[in-house]
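Protein sequence lines correspond, in order, to chains A and B.
For the record, in the first sequence the residue sitting at position 94 is 94 according to my numbering, with numbers rising by one throughout.
For the record, in the second sequence the residue sitting at position 70 is 70 according to my numbering, with numbers rising by one throughout.
Hints may contain errors.
Using C-beta positions, here's what the derived DEER-type ranges look like [unchecked claim]: (1) Ser18(A) <-> Thr72(B): 37 to 47 Å; (2) Lys64(A) <-> Thr21(B): 35 to 45 Å; (3) Glu59(A) <-> Asn26(B): 29 to 39 Å; (4) Asn26(B) <-> Phe39(A): 19 to 29 Å; (5) Val59(B) <-> Glu87(A): 32 to 42 Å; (6) Thr56(B) <-> Gln29(A): 23 to 33 Å; (7) Phe39(A) <-> Thr105(B): 42 to 52 Å; (8) Pro7(B) <-> Thr17(A): 32 to 42 Å; (9) Lys52(B) <-> Pro86(A): 43 to 53 Å; (10) Phe39(A) <-> Phe63(B): 24 to 34 Å; (11) Thr57(A) <-> Lys3(B): 30 to 40 Å; (12) Lys3(B) <-> Gln102(A): 19 to 29 Å.
Source of the hints: derived by calculation from the structure; they are not laboratory data.
The structure presented is a predicted model; accordingly, all values stated were derived computationally and were not measured.
Cβ atoms here follow ideal geometry from the backbone N, Cα and C, with glycine treated the same way.
As a plain string of letters, each chain reads:
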Amino acid sequence: GAVVSQHPSRVICKSGTSVKIECRSLDFQATTMFWYRQFPKQSLMLMATSNEGSKATYEQGVEKDKFLINHASLTLSTLTVTSAHPEDSSFYICSERGKGNQPQHFGDGTRLSIL
Amino acid sequence: LAKTTQPISMDSYEGQEVNITCSHNNIATNDYITWYQQFPSQGPRFIIQGYKTKVTNEVASLFIPADRKSSTLSLPRVSLSDTAVYYCLVNNAGKSTFGDGTTLTVKP
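With the sequences and hints as input, model every part of the structure.
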């Protein structure tokens, strides 16, 4: 069964709105989660690594003040796209880091459309 | 992070075996090789993972030569529903960088 639950699956909102995406670990062991962004017909691009109880680590070129990550518990990491604009429209996907050499498990993604 | 290279696209027909090869020349000693399948507007779904030689599960086989600089995902008797993008990743219990993936199109 699913290990990671991501919500909402789709968001459509006006420019300037802040949008929060939730990523829940169903096995309550998410010490580390990853956030990806995927544009149409492109591969997944890692945005940041979310660590439980500490600050997220952002990849080069990703604005930390634009994409706020909170990971306060072993079950939940959130990504907030602040003051979203049309260019932020994309498919956002979270994943839970595997234990030891176990593979990552991904959420079903969130389709964000900014009008 | 090790970079991976795969063919951009492949076509096949229902019932055929499909082999997708991935190159990862800079794979590190502790890296595992993992393959994922992604359908449009869905998150990647785990297919198979291996370290060396051959791994087989209920949906696929993974062949890894001794030098581990490449790997081949084998899908037996594909169906139309196997049309998807397939990604090869190398990782060591941490973050993974996705390559461009291989778009597999299965035709009737």
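Hints and how they fare:
A beta carbon spacing of about 45 Å between Ser18(A) and Thr72(B) agrees with the range 37 to 47 Å that was offered as a hint. Between Lys64(A) and Thr21(B) the C-beta distance comes to about 38 Å, which sits within the given range of 35 to 45 Å. Distance hint check: the CB atoms of Glu59(A) and Asn26(B) are about 19 Å apart, inconsistent with the given range 29 to 39 Å. Checked against the hint of 19 to 29 Å, the pair Asn26(B) and Phe39(A) passes, with Cβ atoms roughly 26 Å apart.
Taken as a hint, the range 32 to 42 Å holds for the pair Val59(B) and Glu87(A), whose Cβ atoms sit roughly 38 Å apart. The beta-carbon spacing between Thr56(B) and Gln29(A), approximately 28 Å, falls within the hinted interval of 23 to 33 Å. The hint said 42 to 52 Å for the Cβ distance between Phe39(A) and Thr105(B), and at roughly 21 Å that hint is violated. For Pro7(B) paired with Thr17(A), a C-beta distance near 40 Å keeps the hint of 32 to 42 Å intact.
For the hinted restraint 43 to 53 Å between Lys52(B) and Pro86(A), the CB-CB distance of approximately 47 Å keeps it satisfied. For Phe39(A) and Phe63(B), the hinted distance range of 24 to 34 Å is satisfied, since their beta carbons lie about 32 Å from each other. Taken as a hint, the range 30 to 40 Å is violated for the pair Thr57(A) and Lys3(B), whose Cβ atoms sit roughly 20 Å apart. For the hinted restraint 19 to 29 Å between Lys3(B) and Gln102(A), the CB-CB distance of approximately 22 Å keeps it satisfied.
The structure does not agree with the numbered hints 3, 7, 11 stated previously, though it agrees with the rest.
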